[in-house]
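S.K.: Chain by chain, the residues run as shown.
Number of protein chains: 2
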Amino acid sequence: MRQSTILDVARAAGVSRQTVSNVLNSPGRVRPATRERVQRAIAELAYRPHASARRLRTQKSSTIGIRLDPMTDGISGSVLDRFLHALTEQADAKRLRVLLFTAKDPDDEILQFRRLTAGADVDAFVLTSTFHGDPRTEWLIDNALPFVTFGRPWGIDDMNDPKHLWVDVDGYSGLREATTHLLGAGHRRIGYIGWPSPSGTGDDRRRGWREAMAEAGWSEADLEPLHVATEEGVAQGADALHRLEAAAGAIDAVVCASDSLALGALIAARGRMPVVGYDNTPIAASLGFSSVEQPLDKVAEGILELLTGAHGGRVSRDGEQVSDPRHRLIAPHLVVRDAPVLSGEHS
Amino acid sequence: MRQSTILDVARAAGVSRQTVSNVLNSPGRVRPATRERVQRAIAELAYRPHASARRLRTQKSSTIGIRLDPMTDGISGSVLDRFLHALTEQADAKRLRVLLFTAKDPDDEILQFRRLTAGADVDAFVLTSTFHGDPRTEWLIDNALPFVTFGRPWGIDDMNDPKHLWVDVDGYSGLREATTHLLGAGHRRIGYIGWPSPSGTGDDRRRGWREAMAEAGWSEADLEPLHVATEEGVAQGADALHRLEAAAGAIDAVVCASDSLALGALIAARGRMPVVGYDNTPIAASLGFSSVEQPLDKVAEGILELLTGAHGGRVSRDGEQVSDPRHRLIAPHLVVRDAPVLSGEHS
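First to last, the sequence lines map onto chains A and B.
At position 241 of the first sequence (counting the first as 1) the number is 240 in numbering that gives the first Met the number 0, and the numbers step up by one without a gap.
At position 333 of the second sequence (counting the first as 1) the number is 332 in numbering that gives the first Met the number 0, and the numbers step up by one without a gap.
Same shape as in the complex, but just chain A (with noise of 0.2 Å):
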């Protein structure tokens, strides 16, 4: 039997969906008799407002979704791609097919989703580059079509949040093992490039910088010259390095949020300090510098498996449950690169 939807309440009691949505959070703005009546129509339909959890019914032969982002020309913009080999790699491996699709915007892409599940052509979605407030997630939710994001709702409250089934990288743990890394080299005036906020991925990014360094003791204020905020890109990492310095004196190494926005610190910094990246590109391996690495590979596993419904929580001895079956917080890790060529050209 198909699950209801919210739609189906709202069309039951004969009001809007947001009339709905106001019933489940905030039912106080809502006048008794219309609650009452949307109530009935949630209890008729056996409507579960948190049930999108929903999963592929079938591993075998499912077509998966996936909208292949535009072509970016930066560096870092070759780790959705990186994902979608691990990810078709995975899927082939379980007879799961995995079908391309582009889209201009979230609207567009929503489009999509309505054109490619019409003609059933594709059975569940994959999400990448999530973002507050995605409309594409809500609209899956009120289809009750199966997907998973790789990227987290990026609500209030993420972990506890039951909202969608999703996997994501710690970007905070991972540039607060950069941090940490660096001072326990020695290094004490350590900068962050990274990018202006409001910005999910990037806030996180920065505080795991922010806390590592509070860690060693310094203060919020200390901090506060230390940090630039810059789109992404080469050029604006080399000009984010040369305001750090103008801003903060001489620092010793710098963290960048990006490998673009390292490699432009590095060039900028002519061997004068170490720089580490984020996404562990080929360039970063190629010139030699430190970055942190996704493990793509875990986060196309742990997509397949909630998708299809192989990873169930885990749950300990005493019957508690200690993973949420919901979502997966994947921990990257530092790739430590010493010798790097553009900083060897002092030498």
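It cannot be assumed that every hint is accurate.
It does not matter which identical chain is used: a pair holds within one copy or between any two.
[What the hints assert, rightly or not] Computed list of lysine to aspartate or glutamate pairs in EDC-like fashion (alpha-carbon distance at most 20 Å, straight line):
| hint | residue 1 | residue 2 |
| --- | --- | --- |
| 1 | LYS297 | GLU231 |
| 2 | LYS103 | ASP296 |
| 3 | LYS93 | ASP104 |
| 4 | LYS103 | ASP91 |
| 5 | LYS103 | ASP202 |
| 6 | LYS103 | GLU244 |
| 7 | LYS93 | GLU43 |
| 8 | LYS103 | GLU88 |
| 9 | LYS93 | ASP68 |
| 10 | LYS93 | ASP120 |
| 11 | LYS93 | GLU223 |
| 12 | LYS93 | GLU304 |
Just so you know, the hints here were simulated from the structure itself, not pulled from any lab data.
Go by the hints and put chain B onto chain A.
M.R.: Chain B in isolation, oriented as in the chain A frame:
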């Protein structure tokens, strides 16, 4: 009506596929009685041995299968990903679906062809990384499945061989343009770093350098020490430049078969000479060195046109066919950059 395949003929005549192939290609090797039986089956089944230019019957809601090559750490590996982006975007606009799969080797890929067409998941294929004597194209021809390759057959007479539909980028003219550009800028001793022979793509690119140099007056013998062959990779490119200088003495500039090799050469050259790469990857743009760009949008466009039969070959005023409707050879172009970041290190 389904088109007859070589297997249908073999079955009807009660012989092996190889015997049918022999009747077609070396009839002297087949006994007259057998030959006659095969020829009768060919006539009865209206089998056309070179009718592999089969196209998708409909342009709408067909699914194209493409193998996602194993992920490489190389810088130039991203070219096939960029092609996939272009193909998916243009397929989407035509309401064609793109389905991904992986395969360990050509035989495994043929198994996937079998599986994907048996389940009617895929209607046509796009093949990449073609090579001489490719068993995949042979299998698809025998099974009368529509396909187009990105990459020519690399046979003896590519241009006129109607064996199958293909689109390729003219690496020869790309390297020729790069070399001519350097000659025009006043460089004389221009070296070449490429891949070992035999390699369809590699030999083709080397020929572009060689012919441009020959036109500038270089003899075959004098060109001998000016080129080296190495496997793909950044470290390999650096090593190759050292070998080139050891064999040829001072050189003025170097052109490479890939951006990975170019990056290695650039690092090893330390600003002593300009280096030109191939593929115009994000790293060439970031580090500011010239590179030959493959127009992947045009490749994708050509592939979809050949697949859907939208391109029927151009016909001149007097009714003569002037472009072959079975293939497209697309000219790349050199992206010139004059301020390499790494060359500035000695300034």
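S.K.: Please go over all the hints and tell whether each is borne out by the structure.
M.R.: So, going through the hints one by one against the coordinates:
no., hint, verdict
1, LYS297 - GLU231, "neither (26 Å within a copy, 28 Å between copies)"
2, LYS103 - ASP296, "between (27 Å within a copy, 17 Å between copies)"
3, LYS93 - ASP104, "between (30 Å within a copy, 18 Å between copies)"
4, LYS103 - ASP91, "between (27 Å within a copy, 11 Å between copies)"
5, LYS103 - ASP202, "neither (25 Å within a copy, 40 Å between copies)"
6, LYS103 - GLU244, "neither (38 Å within a copy, 49 Å between copies)"
7, LYS93 - GLU43, "neither (38 Å within a copy, 43 Å between copies)"
8, LYS103 - GLU88, "between (26 Å within a copy, 10 Å between copies)"
9, LYS93 - ASP68, "between (24 Å within a copy, 18 Å between copies)"
10, LYS93 - ASP120, "both (18 Å within a copy, 16 Å between copies)"
11, LYS93 - GLU223, "neither (49 Å within a copy, 52 Å between copies)"
12, LYS93 - GLU304, "within (10 Å within a copy, 33 Å between copies)"
In the structure shown, a violation is registered for the earlier hints numbered 1, 5, 6, 7 and 11, in ascending order.
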